[in-house]
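**Student:** The primary structure of each chain is shown beneath.
Protein chains: 2
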Amino acid sequence: MKLQFKLEKKDTKTRGRIGTIIYNGREYKTPMFMPVGTNATVKTLSPEELKEIGSGIILANTYHLWLRPGEDIVAAAGGLHKFMNYDGPILTDSGGFQVFSLARPKDISEEGVLFKNHLNGDKLFLTPEKSIAIQNKLDSDIAMSFDECPPATADYEYLKQSIERTIRWAERGKKVHNNPNQMLFGIVQGGPHYDLRKFSALETVKIGFDGYAVGGVANDHESKEDMYKAFEYSTEFLPDEKLRYAMGIGEPIDLIEGVIRGIDLFDCVSPTRLARHGHAHTWHGKINVKNNKYKDMFKPIEEECNCYACKHYTLAYIRHLIVANETFGARLLSIHNIYFLHQLMAKIRENLESHTLEEFRDKFYQDYYGEK
Amino acid sequence: MKLQFKLEKKDTKTRGRIGTIIYNGREYKTPMFMPVGTNATVKTLSPEELKEIGSGIILANTYHLWLRPGEDIVAAAGGLHKFMNYDGPILTDSGGFQVFSLARPKDISEEGVLFKNHLNGDKLFLTPEKSIAIQNKLDSDIAMSFDECPPATADYEYLKQSIERTIRWAERGKKVHNNPNQMLFGIVQGGPHYDLRKFSALETVKIGFDGYAVGGVANDHESKEDMYKAFEYSTEFLPDEKLRYAMGIGEPIDLIEGVIRGIDLFDCVSPTRLARHGHAHTWHGKINVKNNKYKDMFKPIEEECNCYACKHYTLAYIRHLIVANETFGARLLSIHNIYFLHQLMAKIRENLESHTLEEFRDKFYQDYYGEK
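One line per chain: the protein sequences are P and F, in this order. First residue of the first sequence? That's 3 in our numbering, and the numbers climb one at a time after it. First residue of the second sequence? That's 3 in our numbering, and the numbers climb one at a time after it.
Hints are supplied without guarantee of correctness; some may be wrong.
For chains that are exact copies, the list does not tell them apart, and a pair is met inside one copy or across any two.
Once the Cα atoms are required to be at most 30 Å apart in a straight line, the calculated DSS-like pairs of lysine-lysine come out as [unchecked claim]:
| no. | residue 1 | residue 2 |
| --- | --- | --- |
| 1 | 297 | 4 |
| 2 | 53 | 84 |
| 3 | 118 | 162 |
| 4 | 118 | 349 |
For the record, the hints were derived by calculation from the structure and aren't laboratory data.
Using the sequences plus the hints, can you model the full thing?
**Tutor:** Encoded structure:
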């Protein structure tokens with residue numbers, strides 16, 4: 003495996019952990035936020051820009067790359083790193099999340115999932131073996147097991163059966179996994195139910211993976227409480243020395259609450275999606291840059307921010323670009339928003355060091371959301 | 003005036019000229035191609051990228067900036083350079099080209115032009131005085147006189163009257179021009195008619211401007227022959243020591259033919275527009291990167307090209323980005339296409355030095371268009 007993880011420290015007041023990822027001779031700190039590059043490109047950004055803003059692992063989507071350009075093209079290019087010119091670590095998801103959103107309940111069987119692809123409506127069948135085979139060819143550094151992603155609000159009986167099948171799928175995937183450079187992660191499901199999360203975690207750990215994810219969060223309109231329970235009930239049964247990854251999480255408060263509950267890695271499309279819609283993170287909340295009041299605001303999004311966008315451009319200019327539908331605007335906001343989340347993770351790590359993460363959480367909540 | 007022009011050499015075999023533009027302590031060579039940044043951004047690119055690919059003067063559109071964000075916002079930002087963070091030279095057009103495409107013939111009067119703006123249909127009135135006042139506020143380094151742009155195919159009598167009015171408009175504009183940092187250029191019209199071009203050039207030179215443009219080219223489907231006549235008949239009557247600019251020209255062969263006929267500056271949206279449509283310039287013609295045959299072509303657009311896109315990315319990857327509608331693809335192709343035109347201008351200058359520009363033209367034509 004090209005990627006190594008070393009747990010450095012455990013917080014004494016929360017389940018928070020500080021670790022180091024060693025990759026290609028470089029070190030990256032965890033907890034970490036991972037930007038998403040669905041189509042082997044983090045929307046609007048170059049690999050150099052990602053490095054400049056402090057990105058480590060980035061995520062690419064197996065489902066999208068399977069369909070276009072196809073895993074064989076990426077393999078022939080020499081794998082994802084060479085294809086997209088990114089020499090930092092890359093994680094691929096299993097494709098499950100997209101596939102389940104396209105499939106009808108009756109199209110999910112023990113063997114796999116039948117669905118119509120979103121590009122041309124062709125019927126496709128995805129199985130654990132196929133998902134792993136695609137990811138092996140993409141040659142990411144971390145591959146994910148193929149799991150069913152039932153909504154947190156699914157009924158208990160369905161969740162239980164789904165988890166049991168996901169465990170069988172995890173075993174099938176592990177059996178065919180065949181890329182010595184690549185880690186394979188298992189995924190814990192179980193909604194907000196303690197006994198289901200416990201069962202899923204213990205059984206998945208029994209199979210044995212290089213890291214573990216908390217799945218079934220942020221794919222439905224579950225309550226924050228249920229999301230945090232999912233973190234808490236899952237990490238309780240995960241081994242200390244392995245990475246823990248909460249899938250699809252990018253809302254600032256959820257990153258903090260996730261770390262408090264023992265999560266190391268997070269990913270989300272939100273910073274780049276917010277950017278395309280003209281929104282920017284600030285330490286005092288999200289702002290809509292298109293707002294009229296910014297049209298003659300000749301200062302950066304945040305005075306104290308050191309990102310490229312804030313060092314060289316004013317809110318007035320970025321607003322103009324967004325209003326005029328110029329992609330350089332989305333690029334500047336993407337830089338700022340991802341940089342913001344990386345800075346947030348840095349602050350989280352500092353507060354883990356000083357055992358003040360809960361105080362930081364309370365202060366951040368008040369500053370960012372304007373409430374206690 | 004912040005921008006200085008020094009004519010260095012005149013070719014002995016053609017009307018081609020080599021010159022130097024001195025600006026902000028930096029030197030730029032002419033003949034030069036100028037990328038277009040309509041909304042105070044060269045689409046998809048950063049100012050740093052423009053500098054890296056060798057851009058000098060860039061163009062911004064007065065009409066677009068007048069409407070959005072408005073010249074007062076740009077002035078309050080400290081002018082275009084500060085607003086868009088570009089410290090190289092900037093040229094603004096007069097807005098005439100856009101306005102005439104939106105106006106009906108009966109809405110053109112001695113006073114100015116009435117038209118409906120393309121954003122919300124509001125009626126607006128643009129005059130020579132207004133155009134210059136807006137450009138003064140934008141604080142570009144070169145402002146253009148407000149001229150009527152009749153198609154080259156307009157009838158002779160109309161062209162004659164239009165030229166006479168354009169000369170009166172040029173005088174009115176010069177009278178109100180009030181920005182000591184800014185050059186003001188006059189514009190020669192007259193379609194493909196020798197006597198009209200001569201009249202327009204001599205009368206415009208009589209008023210006295212800091213440089214001269216050849217207008218009324220590339221705004222209609224005129225023949226190449228007529229376009230080249232317009233260059234030739236105009237530059238014949240223009241003073242050696244002043245810059246000559248052919249507006250809206252970006253097709254490679256036209257750049258060479260323009261230089262042969264005494265032009266120093268060219269601008270066009272074509273390199274960035276081609277990029278957004280997935281096309282790339284190569285020394286053997288334009289290629290459509292979306293073409294299926296590139297899907298597994300793991301080499302750069304051009305092996306010998308030193309642009310960022312060619313140094314780091316394959317045709318297969320860029321094709322994938324364009325097909326997946328990812329803006330990073332348009333960005334890579336924009337970098338390549340503008341770099342290509344800058345390289346073409348460098349080759350043109352080399353061939354001016356060695357008095358071989360016509361031989362270069364013939365060779366280039368064969369290589370690029372596949373014909374003699």
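**Student:** Go through the copies and call it for residue 297 and residue 4: within, between, both or neither, with a Cα cutoff of 30 Å.
**Tutor:** The answer is between: 28 Å across copies meets 30 Å, while 48 Å in one copy does not.
**Student:** How do residue 53 and residue 84 come out at 30 Å by Cα distance, when the copy is not named: within, between, both, or neither?
**Tutor:** both (16 Å within a copy, 27 Å between copies)
**Student:** Treating 30 Å as the Cα threshold, decide for residue 118 and residue 162: within, between, both or neither.
**Tutor:** within (26 Å within a copy, 64 Å between copies)
**Student:** As a check of your reading, is residue 118 near residue 349 (CA-CA no more than 30 Å) within one copy, between copies, both or neither?
**Tutor:** neither (43 Å within a copy, 52 Å between copies)
Comparing the model with each numbered hint stated earlier shows that hint 4 is the single one that does not hold.
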